[in-house]
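A.B. asks: Start from the sequences, fold in the hints, and give me the full structure.
2 protein chains.
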Amino acid sequence: MENAAIGLVVHAVGRTGVLHQLTGVIARHEGDITSVEILDNWPAEARTYFEIVVPGGQEALLDDLRQLPIVRSVELVNTLEKIYGKRIIIMGGGAQVGQVAIGAVSEADRHNIRGEHISVDTIPLVGEQKLADAVRAVARLPRAKALVLAGSLMGGEIEAAVREVRRQGLLVVSLNMAGSVPDAADLVVTDPVQAGVMAVMAVADTAKFTVERLKRRVF
Amino acid sequence: MENAAIGLVVHAVGRTGVLHQLTGVIARHEGDITSVEILDNWPAEARTYFEIVVPGGQEALLDDLRQLPIVRSVELVNTLEKIYGKRIIIMGGGAQVGQVAIGAVSEADRHNIRGEHISVDTIPLVGEQKLADAVRAVARLPRAKALVLAGSLMGGEIEAAVREVRRQGLLVVSLNMAGSVPDAADLVVTDPVQAGVMAVMAVADTAKFTVERLKRRVF
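So the sequence lines, in the order shown, correspond to chains A and B.
Counting from -4, one number per residue, gives the positions in the first sequence under our numbering.
Counting from -4, one number per residue, gives the positions in the second sequence under our numbering.
These are calculated hints, taken from the structure and not from any lab test.
It is possible that some hints are incorrect.
Treat identical chains as interchangeable: a pair holds within one or across any two.
To be verified - Straight-line Cα separation of at most 30 Å, DSSO-like style, residue types lysine-lysine; simulated pairs:
| id | residue 1 | residue 2 |
| --- | --- | --- |
| 1 | K77 | K203 |
| 2 | K125 | K203 |
| 3 | K140 | K77 |
| 4 | K81 | K125 |
| 5 | K81 | K203 |
It should be emphasised that the depicted structure is a prediction, and the values quoted were computed from it without experimental measurement.
C.D. replies: Structural data, given as structure tokens:
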């Protein structure tokens, strides 16, 4: 059985090379780093957050990190995976993004009460290139599981970006809109509130809803 | 003048020790790592995203990374900082979180059109300990600038967590609600839509709104 990840915040001093030294200690303990965040990055205060699966005991790893001259303290914390869980990303025009968020947040609430961990993240954006860049960047966001495109007209480079991120395993829901993006999405939904609800249902383990089993993909 | 950060996605093989080897090369080039994400973490595919400020030329760093036996390819990409920018985090009950999101997303839209980069992230959650943990975890989220607590009753451990994250520099807005959280917040707002709008205004460089200059803190 795989061990659960532990969360660590390491307070250190210095700037360049801090991460290299910390990851050296973690590698010696055969720790598998599943997530990292640089929290502060000043010469007087370098704070780094790690999620690590450690095959041996975590105490030996903590002790060895504390032995490093650059390390001031090491805290054991709850993991972000445990707290914020799966992420639904909504992007597009402000009016529609807000309505999709209403549906997604209400539905996530119902699942989180039953033990799921789903968060709903949004960015209002305008412009083909900006949206295409943001769609591609979703593949670089940790814990992102589904993307909802909320607008009135999206196509061109955005369509190409949608096809790319779907190949990387992301579920893409599109509002029913002008442009070629609906043709490229997994699911097309006309009502923005329902689009948010369906995106959450599709990624929730507490829901009985599987996109692959739907008989139609436009609602 | 400080150089701008570059975004890199490194495709490698192996699991433990990958980050240690990559950061070793970056440290040799005196690269200052401002952000890292582990995108994939399988023996056959380790994908890591870095934002790095490199004092010298980026080409020499890219070449040296490509020389590592574990590295298959290195891509130069847009930084997440540039795309998603500052983050507003909204948490609490689903009904209120949705309404605050409506306000925050609409307001972020207006600023993003003028060149800002603000995203609005939410998580519906219930329970004192879960909320307190999530408040504390905001300090471990990259690019988080303001937190909005949206509920009807919050106090106890959540209040303690609010005071902690404020000391770490986070702006905290609370809805006007029962419990002690409003006493601990920077700003207390009764209308959830306005709470979202004010949180965005407070972090936008494109807005003329400074919490410290307000003559009252309850609206």
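A.B. asks: Hint by hint, note whether the structure agrees.
C.D. replies: Cross-check of the supplied hints:
In this assembly of identical chains, K77 and K203 lie within 30 Å of each other by CA distance solely inside one copy; the values are 22 Å within and 37 Å between copies. Proximity of K125 and K203 under a CA criterion of 30 Å is satisfied inter-copy only: 25 Å between copies versus 35 Å inside one chain copy. Proximity of K140 and K77 under a CA criterion of 30 Å is satisfied in both settings, with 15 Å inside one chain copy and 21 Å between copies. Taking CA atoms no more than 30 Å apart as the test, K81 paired with K125 passes in both settings, with 24 Å inside one copy and 16 Å between copies.
When the C-alpha separation of K81 and K203 is checked against a cutoff of 30 Å, the pair qualifies only within one copy, where the shortest distance is 17 Å, while the shortest distance between copies is 35 Å.
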